[in-house]
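Turn these sequences into a full structure, and let the hints guide you.
Each chain is listed here by its residues.
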Amino acid sequence: MNLKRMIKSNLLTSITRFLSGIGYRMIARVWRLGAGTRLFFLTIVYSGESFRRFHLTLREIYFTGVMSLLIIIVSAFFVGMVLALQGYNTLQKYGSSEAIGVLVALSLVRELGPVVTALLFAGRAGTAITAEIGLMKTTEQLSAMEMMAVNPIARVVAPRFWAGVISMPILAALFSMVGVLGGYLVAVPLIGVDSGAFWSQMQANVDVRDDIVNGVIKSVVFAVACTMIALFEGFDAPPTAEGVSHATTRTVVISSLTVLGLDFVLTSFMMVV
Amino acid sequence: MERTKIDLWVGVFVALGVAALLGLALKVGNLTSNNLGKTYSVSAAFENVGGLKPNAPVKSAGVVVGRVADIKFDSKTYEAIVNINIDQRYVFPKDTFANIYTAGLLGEQYVGLEAGGEDDSLKNGDKITQTQDAVVLEKMISQFLFSKASESESDSEAAGAKPVNKKSSETKSPEAASTELGDTPF
Chain A
277 MNLKRMIKSN LLTSITRFLS GIGYRMIARV WRLGAGTRLF FLTIVYSGES FRRFHLTLRE
337 IYFTGVMSLL IIIVSAFFVG MVLALQGYNT LQKYGSSEAI GVLVALSLVR ELGPVVTALL
397 FAGRAGTAIT AEIGLMKTTE QLSAMEMMAV NPIARVVAPR FWAGVISMPI LAALFSMVGV
457 LGGYLVAVPL IGVDSGAFWS QMQANVDVRD DIVNGVIKSV VFAVACTMIA LFEGFDAPPT
517 AEGVSHATTR TVVISSLTVL GLDFVLTSFM MVV
Chain B
59 MERTKIDLWV GVFVALGVAA LLGLALKVGN LTSNNLGKTY SVSAAFENVG GLKPNAPVKS
119 AGVVVGRVAD IKFDSKTYEA IVNINIDQRY VFPKDTFANI YTAGLLGEQY VGLEAGGEDD
179 SLKNGDKITQ TQDAVVLEKM ISQFLFSKAS ESESDSEAAG AKPVNKKSSE TKSPEAASTE
239 LGDTPF
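If you read the protein sequences in the order shown, they are chains A and B. Residue numbering for the first sequence follows this note's numbering, beginning at 277 and increasing consecutively. Residue numbering for the second sequence follows this note's numbering, beginning at 59 and increasing consecutively.
Among the clues, some could well be false.
Ranges between beta-carbon positions, derived for each pair [claimed, not checked]: (1) B:Ile139 x A:Phe545: 29 to 37 Å; (2) B:Arg147 x A:Gly371: 32 to 40 Å; (3) A:Gly371 x B:Ala173: 31 to 39 Å; (4) B:Ala127 x A:Met343: 56 to 64 Å; (5) A:Gly371 x B:Val122: 22 to 30 Å; (6) B:Leu84 x A:Pro514: 45 to 53 Å; (7) A:Ser544 x B:Val149: 40 to 48 Å; (8) B:Gly162 x A:Glu387: 22 to 30 Å; (9) B:Lys117 x A:Ser372: 18 to 26 Å; (10) B:Ile139 x A:Met302: 50 to 58 Å; (11) A:Val358 x B:Arg147: 40 to 48 Å.
Simulated from the structure, these hints should not be mistaken for lab results. Bear in mind the structure is a predicted one, so any value in this text is a computation, not a measurement. For glycine and all other residues, C-beta sits at the position ideal for the given N, C-alpha and C.
Dropping the structure here:
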């Protein structure tokens, strides 16, 4: 009897522990979401200095934007070439291989440009931001700034935020343009699609406001999300080597998921006629 | 303010971004091909516009002279009212004929204008009275099949008038109809 009761109480406690674990994690998530939102508003409030002392922001644009140029351009080129090859494979079955330009341009400008740029940006620049700020916190540089009456949000967080928001749309536009050029390279000299039909069909079907401006809007939203997640993860990282490494991993995972989810939401808003 | 190497690189980066956006707008997008300048608006009523969409081209002799502004449904006449913006450089006579054509067999649809012979020209707000509807492929196929079927029916009726050949023609005619349908490319 005693054994039975013991097993029963053991089972009960393990269930309770399981449920309370779920609840604890949920509460921790919500708490982090609130803290992230607070950091976002503080960043906006204290972002005056990043424009008054623009060289701070300029430095960060160099590190997040200019240094990401190579990976963005190379991957855009290959994405465009693969799109053209795959698209041609299907389109020539219907005898409309001239529409390959439309296919490449629309998929790049509407979706792949902003999304792939954001994913690469999260991996290339977001992790760097998280690791840098996390290490600054671990080595107590942020506390030292506060001691010297320097606001770390205005001095460290805001310039990085604005650098990301400025860099990402530029990178996304470059991605789309280079991708179209890569698609052109495969479609026209390699496959033999007529060059005039390639460009004219593209121009007839890509709308500046509906496609290109919407793509830019997407990339700005992704920029805010990616940069803010990277900054918050760095700012919130436990001040240990392990904590910083976990924060860096979380930056990539959460940024990627957020970008893909946001992409669906934004697209569904933009598709409403 | 002293200039650093970082400034140069950021400048190159921003210039590249602006160039890419301009390239997207001018080379990829329709910013260059969509400028009509000043236009005047005319309307035309169609019984069926098929797949015509706003912003579809309006062509005359194959040249784009305007664009479709909007398409509305008139609940009194049960017709589609298509408003067309035509470039002011081009003047059309009042009895211009408006058709809806399809580019290629399955391509997008556009409005084709064929000039008439009248001296008065179309003005802003005028209505084109002579129109021809879009060709609906399903309708054409069903009409073709119906006409084939009625042909074979009338054949057998004509054969029925001759009592001597009645038996042979009756056995023949359904066969003939089926082979005729079977020969069609559908």
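Problem set entry | Hints not upheld, ascending by number | 4
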